[in-house]
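Now for the letters of each chain:
2 protein chains.
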Amino acid sequence: MKNALPVLFLFLLSYQALAQTEDEKMIKAIFDKTLTDGQAYDNLDYLTNKIGARLSGSPQAAAAVEWSKQLMESYGFDKVYLQEVMVPHWVRGTREKARIVNSDKLGTREVNVRALGNSVGTGSKGVLAEVVEVMGLDELENLGKKNIEGKIVFFNRPMDQTQIATFSAYGGAVDQRGSGPSEAAKYGAIGVVVRSVATVSDDFPHTGSLRYKDDLPKIPAVAISTNDADVLAKALKSSPGLKFYFETYCEMLPDVLSYNVIAEMTGTEKPDEIIVVGGHLDSWDLGTGAHDDGSGCVQSIEVLRTLKEIGYKPKRTLRAVMFMNEENGLRGGTIYAEIAKEKGENHISALESDSGGFSPRGFRMTGDENSIKLLSSWRPIFEPYGIYEFGLPGGGADIGPLNKSQGTLIIGLMPDSQRYFDYHHTDNDTFDKVNKRELHLGAAGMTALVYMMDKYGVK
Amino acid sequence: MKNALPVLFLFLLSYQALAQTEDEKMIKAIFDKTLTDGQAYDNLDYLTNKIGARLSGSPQAAAAVEWSKQLMESYGFDKVYLQEVMVPHWVRGTREKARIVNSDKLGTREVNVRALGNSVGTGSKGVLAEVVEVMGLDELENLGKKNIEGKIVFFNRPMDQTQIATFSAYGGAVDQRGSGPSEAAKYGAIGVVVRSVATVSDDFPHTGSLRYKDDLPKIPAVAISTNDADVLAKALKSSPGLKFYFETYCEMLPDVLSYNVIAEMTGTEKPDEIIVVGGHLDSWDLGTGAHDDGSGCVQSIEVLRTLKEIGYKPKRTLRAVMFMNEENGLRGGTIYAEIAKEKGENHISALESDSGGFSPRGFRMTGDENSIKLLSSWRPIFEPYGIYEFGLPGGGADIGPLNKSQGTLIIGLMPDSQRYFDYHHTDNDTFDKVNKRELHLGAAGMTALVYMMDKYGVK
Numbered sequence: 021m022k023n024a025l026p027v028l029f030l031f032l033l034s035y036q037a038l039a040q041t042e043d044e045k046m047i048k049a050i051f052d053k054t055l056t057d058g059q060a061y062d063n064l065d066y067l068t069n070k071i072g073a074r075l076s077g078s079p080q081a082a083a084a085v086e087w088s089k090q091l092m093e094s095y096g097f098d099k100v101y102l103q104e105v106m107v108p109h110w111v112r113g114t115r116e117k118a119r120i121v122n123s124d125k126l127g128t129r130e131v132n133v134r135a136l137g138n139s140v141g142t143g144s145k146g147v148l149a150e151v152v153e154v155m156g157l158d159e160l161e162n163l164g165k166k167n168i169e170g171k172i173v174f175f176n177r178p179m180d181q182t183q184i185a186t187f188s189a190y191g192g193a194v195d196q197r198g199s200g201p202s203e204a205a206k207y208g209a210i211g212v213v214v215r216s217v218a219t220v221s222d223d224f225p226h227t228g229s230l231r232y233k234d235d236l237p238k239i240p241a242v243a244i245s246t247n248d249a250d251v252l253a254k255a256l257k258s259s260p261g262l263k264f265y266f267e268t269y270c271e272m273l274p275d276v277l278s279y280n281v282i283a284e285m286t287g288t289e290k291p292d293e294i295i296v297v298g299g300h301l302d303s304w305d306l307g308t309g310a311h312d313d314g315s316g317c318v319q320s321i322e323v324l325r326t327l328k329e330i331g332y333k334p335k336r337t338l339r340a341v342m343f344m345n346e347e348n349g350l351r352g353g354t355i356y357a358e359i360a361k362e363k364g365e366n367h368i369s370a371l372e373s374d375s376g377g378f379s380p381r382g383f384r385m386t387g388d389e390n391s392i393k394l395l396s397s398w399r400p401i402f403e404p405y406g407i408y409e410f411g412l413p414g415g416g417a418d419i420g421p422l423n424k425s426q427g428t429l430i431i432g433l434m435p436d437s438q439r440y441f442d443y444h445h446t447d448n449d450t451f452d453k454v455n456k457r458e459l460h461l462g463a464a465g466m467t468a469l470v471y472m473m474d475k476y477g478v479k
Numbered sequence: 021m022k023n024a025l026p027v028l029f030l031f032l033l034s035y036q037a038l039a040q041t042e043d044e045k046m047i048k049a050i051f052d053k054t055l056t057d058g059q060a061y062d063n064l065d066y067l068t069n070k071i072g073a074r075l076s077g078s079p080q081a082a083a084a085v086e087w088s089k090q091l092m093e094s095y096g097f098d099k100v101y102l103q104e105v106m107v108p109h110w111v112r113g114t115r116e117k118a119r120i121v122n123s124d125k126l127g128t129r130e131v132n133v134r135a136l137g138n139s140v141g142t143g144s145k146g147v148l149a150e151v152v153e154v155m156g157l158d159e160l161e162n163l164g165k166k167n168i169e170g171k172i173v174f175f176n177r178p179m180d181q182t183q184i185a186t187f188s189a190y191g192g193a194v195d196q197r198g199s200g201p202s203e204a205a206k207y208g209a210i211g212v213v214v215r216s217v218a219t220v221s222d223d224f225p226h227t228g229s230l231r232y233k234d235d236l237p238k239i240p241a242v243a244i245s246t247n248d249a250d251v252l253a254k255a256l257k258s259s260p261g262l263k264f265y266f267e268t269y270c271e272m273l274p275d276v277l278s279y280n281v282i283a284e285m286t287g288t289e290k291p292d293e294i295i296v297v298g299g300h301l302d303s304w305d306l307g308t309g310a311h312d313d314g315s316g317c318v319q320s321i322e323v324l325r326t327l328k329e330i331g332y333k334p335k336r337t338l339r340a341v342m343f344m345n346e347e348n349g350l351r352g353g354t355i356y357a358e359i360a361k362e363k364g365e366n367h368i369s370a371l372e373s374d375s376g377g378f379s380p381r382g383f384r385m386t387g388d389e390n391s392i393k394l395l396s397s398w399r400p401i402f403e404p405y406g407i408y409e410f411g412l413p414g415g416g417a418d419i420g421p422l423n424k425s426q427g428t429l430i431i432g433l434m435p436d437s438q439r440y441f442d443y444h445h446t447d448n449d450t451f452d453k454v455n456k457r458e459l460h461l462g463a464a465g466m467t468a469l470v471y472m473m474d475k476y477g478v479k
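Chains D and V, in that order, give the protein sequences.
Residue numbering for the first sequence follows our numbering, starting at 21 and increasing by one per position.
Residue numbering for the second sequence follows our numbering, starting at 21 and increasing by one per position.
FYI, nobody ran anything at the bench for these hints, they're computed from the structure.
Here the structure is a predicted model, which means the values were calculated and not measured.
One or more hints might be untrue.
Which copy is meant is left open, so a pair is good if it fits within one copy or across any two.
Keeping only pairs whose Cα atoms sit at most 35 Å apart, straight-line, the calculated DSBU-like set for lysine-lysine is [stated by the list, open to error]:
1) K475 x K290
2) K393 x K48
3) K70 x K254
4) K117 x K263
Model the full assembly from the supplied sequences, consistent with the hints where possible.
Here's what the structure looks like:
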């Protein structure tokens, strides 16, 4: 018996060493629950494979509104409701075609293009013209009207592959797609072809929004696949006088009534302090919007579902928001912030997942310096889950207006970004590209952060 | 002019702030080179799609030896040579089939199985018997001979999905596959069915090695897909007396002469200090061994190629080693260490990539405590590349013998592990599951670590 006391002592010591803080325990419970019993993946399966692509104004976008409302009602949250928003209704039309014409070496060659979102169509007459290749908007002024008028401008600057964060590389190339058409129209161009903003070399064009300037002619614009952009650039070297033809039938129809879909767990102590977690329900019409942004929607729903399932009663009001029309208008995010301001709602923070359903790596944020410091101080309890990057600037498109209108701390889930721009805005953004564990780790990471913000506030 | 001095001062200050250390610059150069000009992905395409699966002793394994030798010769390294190794020659045979028989609800139902590597086959008579389901080796003793003799033991413990590091979950389940057949034979079982050691629920069985004990009967064993393991478990609940039938034609043929393939950049200052970087050239016969471990091979070659391309002259001798026969014998790794010891070679460290070609997250290591501290102190210069996890225990199967025989510091590249056990040892381990940027980031991370170890040593 003489050894009993030391053994007991050792036992107590090791118990002490193993004792987890309450937060560590709660976060482990959140991850365990999500990884073993999460429904985000099955929900994404339904959203992408049963409903499909969800461009604003489409019947599928309406179906997604109804589905997400019913789903969140079935989970028994305190409130589920719709918020009206008028959205643009752009349609791609029946077909798109394009070819290189009169190339010395290629003769006539079909290439893969997709109209850019919000573009006008060419109709059956198409656009046929010589091509001016440029690497960026800044080359247009030097070239001037004499070199551009009556031609097609081909923006061909690729994403910078040396950037580790592919979103930075995207940011460095996407001006060609967003502003290129109007900038080219300024100098008399009659059409625009944009190299797909993509990390991958393949045959799939990446669509995405253009923004026409009101005071300039609206000229039709298409994205060309990265492989065909290379083919075109090479052909132009040997045949500078070749022509390019494309034909699109897209058009902008009158605005349509749609909705943000909102669910709430009402706070028990500070119900007037609101924490938003969200994604956008609309997607492009190519693929089925699995990573962009079906993942963010099902993850946001999962945040509330998990907290409810493990019996957590939030101090503050938690809101899951499925924003409508991020892709080609941002109307949902804009009206959400407007109504919040009208009602005098106090949004202390908003977390968006709109960077794909990949393994979570961190949270990017914009807001009060002290808030960012506070959230960054939580890094150690997230690191065992592979989430180690805190505090770099960022947020999310749909929650940006909240930051502008009431200074809300906005936060973006930052997953591993290496594969996102292989699939983004293409026929390849489909459910099979999403890994269940990666999606659920992201959802659990978001849930853990919402738990911490609810418990400690953000200041 | 009065403002000139402050402006100059600010300029100098910002220059100072921007000045990178030599190591940071070199590591940036390594990543830039690999991400823009890397050949690992194209090499993997060749290895997997032109050569294919490379089970030890197969013609494809021989082709891979020849290909990797020629490839490394073409890169102009200082030496390229083969190291003889006799390897086991297990063949799967022409077909495998299995079915549940006499289930109340299912009647007879075909299920997906694959023989475990090194298993004996059943031949055309097959094995037909009742099934005893267990969740682990420890249940066998309690059940005893009276419940097991003449039956098929079905090991059905799944991987623990709550582990964030899937390799830990794998380690917690794989004893059923490795030791299950002999442990079951001890109690008179006549066959073994093992639940695939996998993170995913699907129809693809995951093969892998079993290890027979010499003093026990060698009974045939198969892996069953996770979906069908669930089907079988459910059927057993309603029909405990159902039977299971399987038929395999695998067999172990006489050993075959094969090779480790080795390339060297000879050190300029300390040529007798050797740093190894490697992967294993053999793979299972299912799929094409893209993640396991074609990725590790092409990454290891890329390490030397990149350093040579950027004009780096190593102080120490760097060796890329393509080990043979990791999967079902570890003969290549074993003989490499034996010969190193015979020759009195001083291996200061060995880095293996054998956890898939996914985004790199860190390095795991086993060895001298000071070495681990030193390498962990380098974390800050790796973190901008998403590599933040240093110092947890680990290494690699092929380099393990070096650690045992001469205490070499062994290091394993640790990529994001969420998808690995979806594909591992199945028909799905194919080139299309590998992302180019992820593979190249891994190669660049390895190159950066080899550069640091070469420059500073490991103590």
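Evaluation of the provided hints:
Taking identical chains as interchangeable, the C-alpha atoms of K475 and K290 lie at most 35 Å apart only when both belong to the same chain, with a minimum of 11 Å there against 57 Å between chains. Both within a single protomer and between protomers do K393 and K48 lie at most 35 Å apart by alpha-carbon distance, with minima of 23 Å and 28 Å respectively. Within a single copy, K70 and K254 get their C-alpha atoms only as close as 42 Å, which misses the 35 Å cut-off; across copies the closest is 28 Å, which meets it. When the C-alpha separation of K117 and K263 is checked against a cutoff of 35 Å, the pair qualifies only within one copy, where the shortest distance is 14 Å, while the shortest distance between copies is 59 Å.
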